[in-house]
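Quick mapping for you: the protein sequence lines, in order, are chains A and B.
For what it's worth, our numbering labels the leading residue of the first sequence as 1, then goes sequentially.
For what it's worth, our numbering labels the leading residue of the second sequence as 1001, then goes sequentially.
One or more hints might be untrue.
Computed list of lysine-lysine pairs in DSS-like fashion (alpha-carbon distance at most 27 Å, straight line) [stated by the list, open to error]:
1. Lys490(A) <-> Lys1007(B)
2. Lys247(A) <-> Lys297(A)
3. Lys390(A) <-> Lys228(A)
4. Lys247(A) <-> Lys286(A)
5. Lys1084(B) <-> Lys228(A)
6. Lys1007(B) <-> Lys1084(B)
These are calculated hints, taken from the structure and not from any lab test.
Being a predicted model, the structure only gives us computed values, none of them experimental.
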Amino acid sequence: MDIFLLALANIVDPATLLFMVIGVGAGLMAGSIPGFTIAMAVVLTLPFTFSMPPAQGLATMISVLVGGLSGGLMSGILTGIPGTPSSVATTFDGFPMARRGEAGLALGIGVWSSFCGGIISAALLVLFAPQLAAVGLEFQPWDFFMLVMFALTVTASLAGEHLIKGLIAGAAGLLIRTVGEDDAVGVGRFDFGSDYLLTGFDFIAVLIGLFAFSQLLSDLRNPVNARKALSDQKRVEVRIEHRRAIKILMRHWFDVIRSALIGMFTGTLPGAGGSIANILSYDQAKKAAKDDSQFGKGDPRGIIAPEASNNAVEGGALTPLMALGIPGDITAAIMLGALLMHDIVPGPTFISDEPVLAYSIYIAFFLASFIMLGMQSIVLRVFVLVTRIKAYVLATIILTFATIGVFALHNSVEDIWTLFFFGLLGFTMRQYGFPLAPMILGVVLGDIAELNLARALAINSDPMLFITRPWSLFFAIIAIFSTVFPLFQKQRGSGSLLERLYSPFLLLSLSAPLFMMGGVFRTSLAVLAIFGSGYMLLRHWARGANTAN
Amino acid sequence: MRLSMSKDTIAALCLIMACGGLMLASLDIREPDYGVLSPAAWPRLIIVIMGVLSVIFFLQSAFGNGQNRDAAIVAVKDAQSRPKGIVEFLQYWRNVFAVFITFGLYLLILPHLGMLISNILLSFTLLSLIGGWRPIAMHLCIAIGTSGGMWMLFSFVLEVFLPRGTLTGF
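Looking at chain A on its own, in the form it has when it is part of the complex (with noise of 0.2 Å):
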């Protein structure tokens, strides 16, 4: 109790509130602007927090992410463009909404909608993060070494027939985060020479021009989109209906914890983020509706759907690195970077050894859904305003302010290079199609993972142990199924060979190390697996069989 309270301290602080406000209101601004992403606006709050108390500063992004998470329905919903990925499923039912006279109404589910997405998702994140760090206490450095290695090849499966790209772009990462000095024995690396290399990239500045830098110049490169403004409208007349948005969303309570379950679930998984969610949960209200002929037209659902799942995402992806140190997205990731800059390391015993820093991050993702709730309204006012700047001002603006932020970091100039850099590096990545998204896991875990790697070896130097361990195999046997995930996906409903047996195998080979792990519950699941696996093969079987007759 006496930590709950002293975590409420922290946030309920009247600097803390505000700078709470500014950043859910700065959040719904950035989420509201296309092309301008949430991870951009998280990425670019950390040189304004690195200043603050950390329970301040992580309370301070964490609203600018609930923010941004909220912010993308104004726009898809008033102007049918999406102003972040996780809100494209939103304009769907939005718009037409919009267009027949019911942009109050709409706006009003979303907002609600969103609201319960991320209440849900933060009492999930308080319910399991906990759990998992129990479960991470198991892990030994062969295990965490797995662990990251499984996170970089399901975030480059999710680049899907790009899987290769996304393979080479986690392998950069992890080699960028080479460069330099090694914390074991201070050996320089790929330094030619130069002191610059010599202190190796500070990976915020890294973060900063892979993602924000080279997303700016992608947005500009276009001259003509360049001049245009997302909008001329000159005001928007619409009242956020509240009272008739609660009764519908009460009506499809159901909608909303589904999604929301969804949101959570896909959060978890590294590199999957509310662009995956919001179209994953948008299908999944589609298929379970008993008349699904109004979606696409304007049906509540179609909002409700997207826009719980899309803010619950945070929950499941904060639920990793809270509890295991490994970040579930690119915004965790950032997150991540804010923790190490106040010299704490997350992993399993964050939650116990830093329970006040814990409880403050739950505090604060709560508080900073009901600040979103009220902001709204306000800044639907602003969001018109905004949308009528040409895209090359509000471009020109962020990279001014990026480059001061950068050096900001740590008061260098060698950061903006380093911004420079990285930016001609992910512009030039983007136009070959390599997703970025493995690429910045890979700087982040690079020194987890070597870290880990050293450890592992000075226990034990038999290398056998990465795939013999309970967890370890666990994680690789995950890691390989996911790399093959996009072929199967490919083949799904081709009645191949892979797509017979994928699953089959997949619960197969899992129940190896879950009997390993021992105790009742993992030999129980085991069992399970190996059941489901055996119903599965037989199923084909009989399939296989009856079309043959």
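Following the hints, put chain B in place on chain A, whose structure we already have.
Using the frame of chain A, we list chain B on its own:
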């Protein structure tokens, strides 16, 4: 099987060469007598993995076009939209070059003019190069307003020591 030289093939070749170069550079990493894991071991492991992936990428891009119809369609569309000739090329990438060159120059003048003046010049030049020179007064106001505002915010509120110019003294 016919070898085709696409954008991806060129990227793969560059990656293979980069891996070779980095592997050579890794030979310069000093090997101390202490520590369990050599400082060169981890980077070399990554380079080997990246090299293998790059070779697979090369083979896929050079010989796999006929097998992947979608990729072939994308490649054709890509080729059609790509600028032909040097003038068209420069026009196509005009804004990107403008940002790179302006930002590069900004980094060179920053130690001499300090952050305030350099940022005003950076913003003003970018605004005018991308948005056109006609609304020059507006661009100047935006550049001074935003750069000055940020400079004041970081200097006086966040108390960050922003770089002073050797020529300007502030």
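Hints, one by one, checked against the model:
| no. | hint | in the structure |
| --- | --- | --- |
| 1 | Lys490(A) <-> Lys1007(B) | 23 Å, holds |
| 2 | Lys247(A) <-> Lys297(A) | 20 Å, holds |
| 3 | Lys390(A) <-> Lys228(A) | 5 Å, holds |
| 4 | Lys247(A) <-> Lys286(A) | 20 Å, holds |
| 5 | Lys1084(B) <-> Lys228(A) | 26 Å, holds |
| 6 | Lys1007(B) <-> Lys1084(B) | 15 Å, holds |
The earlier numbered hints are all upheld by this structure, with none contradicted.
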